[in-house]
Amino acid sequence: MSGSRRLLIIGGIALAVWGMSYGLWYAVFAEHQALDSIGASLAGSFAAAADRNPAVMESSLEQYREAKYVYDRQVDVHGHWIGLAMLLIVLGIGFDRVNFPERFRQFLALGLLAGAVVFPLGVLLQTISHGPLPRAIAIAGSGFVIASLLGSAIGVVARNSSPAGTD
Amino acid sequence: MSTRIYSPKRQTLTDDPQTRESERDGFAPLSARRLFLLGGIGLILTGMIFGDIFAIFTLHQNAAQVGANLAAAAKAALAGNRHAVLANFQNVGAFLENRGTKVDTHVHMIDFGYLALLLAILQPWVAFAESLKKKLAWVFLVGAWLLPVGVYLIHYVGLAYSPVKTIGWASIAADFGGLLVLVATFACLVGLWMHFRGGRISPADKLLGDRSMEGRMLFAGGLALVLLGFFHGAYYAAADLYKHEAQDYSLLAQMGAGAAAGARVVVNDALTSYGQLQGAKAVNIAAHAHSVEFGLLAIMLAFFQPYVRLHASWKRRWAGVLLLGSLLLPVCVFLEIKYGLVAAGLADFAGLLIIFALLAMWIGILRYTGELDASIVNTPNSGDSQ
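Taken in sequence, the protein lines are chains R and Y.
For the first sequence, the numbering used here assigns the number 951 to the initial residue and increments by one for each residue that follows.
For the second sequence, the numbering used here assigns the number 1051 to the initial residue and increments by one for each residue that follows.
A couple of the hints might just be wrong.
As the list claims (entries may be wrong) - 30 Å max Cα-Cα, derived DSS-like pairs, lysine-lysine:
hint, chain 1, residue 1, chain 2, residue 2
1, Y, K1331, Y, K1256
2, Y, K1125, R, K1018
3, Y, K1215, R, K1018
What the hints assert, rightly or not - Derived DEER-like restraints, expressed as beta-carbon distance ranges:
hint, chain 1, residue 1, chain 2, residue 2, range
4, R, A1064, Y, N1131, 25 to 31 Å
5, Y, S1323, R, P1004, 19 to 25 Å
6, R, W968, Y, K1256, 29 to 35 Å
Hints in this document: simulated from the structure, not taken from any laboratory.
Fair warning: this is a prediction, and the values are worked out from it, not measured in the lab.
C-beta: ideal position from N, C-alpha, C; glycine also.
Construct the entire structure; sequences and hints are all you get.
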């Protein structure tokens, strides 16, 4: 088996295991608490509005915004790590259909793996910092994935220069 | 005794003993690969049928209930009735939990099915004895069913008799299911690692060498769908995601401030806009996720075409039906905001196309296993290869 396929398959399964571990940890230790916090803060803000108490209403709504922002990203990270891991494994299995020299296929495989790790990581970092750096990391990661996938798709439709399944 | 076995490459039955042996070794009854493959497609089919039923009979009604209770809460705040606000939000929470657990059931069942298909393909490279691989496949499948069933029951079981304050028995069962899947997948990773580390020769596997028309159609079509989903996801993240998040907060703030000030018109306007915003978010996320997931499914099914015991022309037709449904569904979901029920109906129809195509391929694989098993029974020394 070629290096590019090995990189995608091993990297993909490792990422799937990592994504599932993260999901399991999240479901057991964080998700229920996050949902309680979202519900309580939103209900609290409307109850404060009923009491004609704008200060409490605003602070409760602010808590809701922060809790929802973090929750959405944590769920996204879990889904994207596992989804991208599956894409890596699938592409790894069929990577001999990408009709490029092995050196370039390794470059594409590395781009896919790096993007699949970095993109959700950037999203996760947004829960710690609202600054531009985590966003830039997420954009760079998604750029790596899309560019490498596009390269692989071109390789699939490109004219075959080597016999299929040689690796 | 003459024994004939199906040769997928030639679409015929063959008497070649070497091919027969290779078929038996790779896809024997209750072998790890067969368990992962049939169990995986079964999970995907069940998850999709569940998703279709949920979309038709529950999703829209549930969204209407959430909206109605949120509106009632806003109006209770307008009237200064704190108790009614809290009661309505309790209802919103219950409806959202009901919806969330059903979406999670649908998503996890299909994703575990995908993972099972991937592990089925990879089995020849997992450097464990077949008996251990079979045990791992069973552990995986038990976990893959336990998690979605547990998640589905969360809404109904709640915290009844639970030893923990925030997590009920259904959640505990679901988490245990997740752990089983995790352990089985990790074990497969170790097996793969051992294979590559030991420098073993890669086993010849006809699934990966197949370049049939239907296989190429599914592989190229699947890759195009994944790319389409990625482009849409990137566009949504860049153009709308942060805007939608800001609107979510500002509309809720408008509702609260309008209620506190007794401004009924402001509250009503904010409620209408909030409903539209939730709809826009939901269709964008669903279109992105479905495009990528159906693309992945098409690519995976491309590898298994040699096992589909159907006539070549029918295999191509079913591949076309699957790709058509996979494209139509996310596009129609995306158009639901603009064209309402017409687009929603078409999306449900596209979901049915995918289910029928998948079912046809599953039946084709079952026919193949039937022929393979019959040939093993008819062979005098068949016990040796088991």
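* Enumerate the violated hints, using their earlier numbering and listing them in ascending order. => Failing hints, ascending: 1, 4.
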